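So you can see what is in the structure, the chains are spelled out below.
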Amino acid sequence: MPGQKFGPAWFPGLVAGGLGLCGLLLMVAGIRQGGPWLALPEWVHRRRPLLGVASVVAGLLLYIFAADKLGFHLTGIALMVAWLRILGCSWRVAAIVGVVATVAIHLAFYKLLRIPLPWGVFEQYAF
Amino acid sequence: MLFEAFRLVFDPYVLGVIFASAAFGLFVGAVPGLTATMATALLVPVTFFMDPVPAIASIVTATAMAIFAGDIPSCLLRMPGTPASAAYTDEAYAMTRKGQGELALGAGLVFSVIGGLFGTAVLIVAAPALAEVALKFSSFEYFWLVSLGLLCAVFIAFANPLKGIVSLLLGLLVASVGLDNPAGFPRFTFDNAELAGGLTLIPIMIGMFAMSEIIRSVSRIDEPWQMAQAKIGNVFRGMWGLTKRYKLPVLRGSVLGTAIGVLPGAGADIAAWMSFAISKRFSKEREKFGTGHVEGIIEAGASNNSALAGAWVPALVFGIPGDSITAIVIGVLYIKGLNPGPSIFINNAVSIYAIFMVFILANLLMLPLGIAAIKSAKQLLRAPREALMPVILLFCVVGSFAINNSIFGVVLMLGFGLVGYLMEENGFPVAPAILGMVLGAMLEEHFIRAMIRADGNFLVFFERPIAGSLGALTLIVVCVPLIRWMLRSRMKLPGGGTK
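So the protein lines, in turn, are chains A and B.
Every number in the working numbering is 32 more than the matching position in the first sequence, counting from 1.
Every number in the working numbering is 667 more than the matching position in the second sequence, counting from 1.
There is no bait here: all hints are sound.
Listed next, the in silico SDA-like pairs over lysine to any residue satisfying Cα-Cα at most 25 Å (straight line): (1) K143(A) with I109(A); (2) K143(A) with N1072(B); (3) K1045(B) with F694(B); (4) K143(A) with L682(B); (5) K101(A) with N859(B); (6) K955(B) with T910(B); (7) K803(B) with M1118(B); (8) K947(B) with L918(B); (9) K1003(B) with M668(B); (10) K1003(B) with P148(A); (11) K1003(B) with L144(A); (12) K143(A) with S1073(B); (13) K143(A) with P719(B); (14) K143(A) with A690(B); (15) K1045(B) with C121(A); (16) K101(A) with S1073(B); (17) K803(B) with F1012(B); (18) K1003(B) with F677(B); (19) K143(A) with F691(B); (20) K1045(B) with R904(B); (21) K765(B) with A1039(B); (22) K143(A) with F715(B); (23) K143(A) with G683(B); (24) K101(A) with V135(A).
What follows is a set of in silico ranges between Cβ atoms, one per label pair, in the way DEER data are often shown: (25) A71(A) with P891(B): 24 to 30 Å; (26) K1042(B) with L144(A): 26 to 32 Å; (27) V153(A) with N1071(B): 21 to 27 Å; (28) Q65(A) with K955(B): 33 to 39 Å.
Don't read these hints as lab results, they were simulated from the structure.
All values reported here derive from a predicted model rather than from experimental measurement.
Even for Gly, the Cβ is constructed at its ideal location relative to N, Cα and C.
When you get a sec, could you build the whole thing from the sequences and use the hints?
So this is what it looks like as structure tokens:
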């Protein structure tokens, strides 16, 4: 930035320089040590953990893209039931916990704390 | 003024909040995979709409309870409830196997209370005294203080300082996003309105401390928990004898714990590891360690609870967090208008005294509530993870959303949750990154201001007496471990491995 000796680029510049240096040192150390470039954790070979972690990430992405249109309740219940089932709950437990938790969180955050959780498709029934 | 503070704390609403947070903290602490920092991150959205004192009280109480309750599954499942209990999990479990589960749990409880009260006493005495000195600080002193804090976070107790530095720098980089820099110039915003305000810390913390823990728990969801049998009668039996017999370890643990707590970046978990190691080293009965010996549990149990209060000293006086819990707390303090800094003891004296009282109250409440938690441990630990994790996850989502009422919070949580998980799995500590994010703006502001005043001459940074000493200390902190690390890696290639 002209006219400023210590402008806004100074600090991030220093940080980036440091990161580059450390990255280089870590790479050198890594190459000296040998070993594979990429090692997967052992749980990716087990079905329930792999599905579980994948569903956590996919479910959050779904929430980010769908919550505004579908509303908190629909998305919340759908995700909860899916997560609960994948992690090993029975249909009965999944349905009960999914609905109760979603409604309880709605009541706590929307009613008590006044957070505007999206209603989505239920907009006209909002209370 | 004390009376004012007393009235603020002993208000039915505040007491209700304290009891509810205590129950929440005990539950979170007792369930492996849920941590005290996570409890704090999850409490923040809930405390949003409370007055300052109950908001802070809920965090103080929940974390104190959680750190104690972490000992319960250590004894019964051989799994630490929070990382702060990990140091003596094997020892506690060995005691349970020998039929001394009651003694181990009792020692965990009683010496947690003693350690917590010790840390609180130090906080009450040291923080206002330190604040008087700090009132005279200029940008030079603050720059060195923040640097020292950040470097402590990198070099204390982490096997590979290089990875700590990377973590710290990543945090600083995150902190430099947005308009909020000395020049008021938009950085890394990509013309996005969400980025212009900077990245909001709370969703990031919920991601790094709660979501990453959930991923870790889910990746172990098929490993069953096996509970050891323990008959639990009167947990206080024999405690007086232990206190008399292990006076010195209790004191040593409390002092070291408080000191580690005060140092930025290192908190209860590192305090417990160090205290356990010291206890073993100086014990008269060293050979008993590992076979279920109570001495290390006493010292480390006092240590981790005292670290909790110690961490509040730099947080209140300088706005520099002593551990990852206070890193979150500082954000809450700003939201509540209790801006941390030396003048907090003048401008908000009543609130501060009220917070001190809450610390004492929370540690005393730990005795009756802790017994209740120990008695109901079996039910607590039967909470099914496969049902618990999705509920917490949905709570995280709503909590991240609630800070700015924006879905971008959930994006941040997901992104930083994954980053946090990958970092920890690969030996990069998360605490320095969080510290960098919290302190980045402060570091840059004081650095640029000091540079302008010194007109680019770095030597001026050492000219004032306190600034000079702090600067020298900072250089020592950098140099000593670096030299040691270089020597070590020269002696046995390849060096500096982690975990």
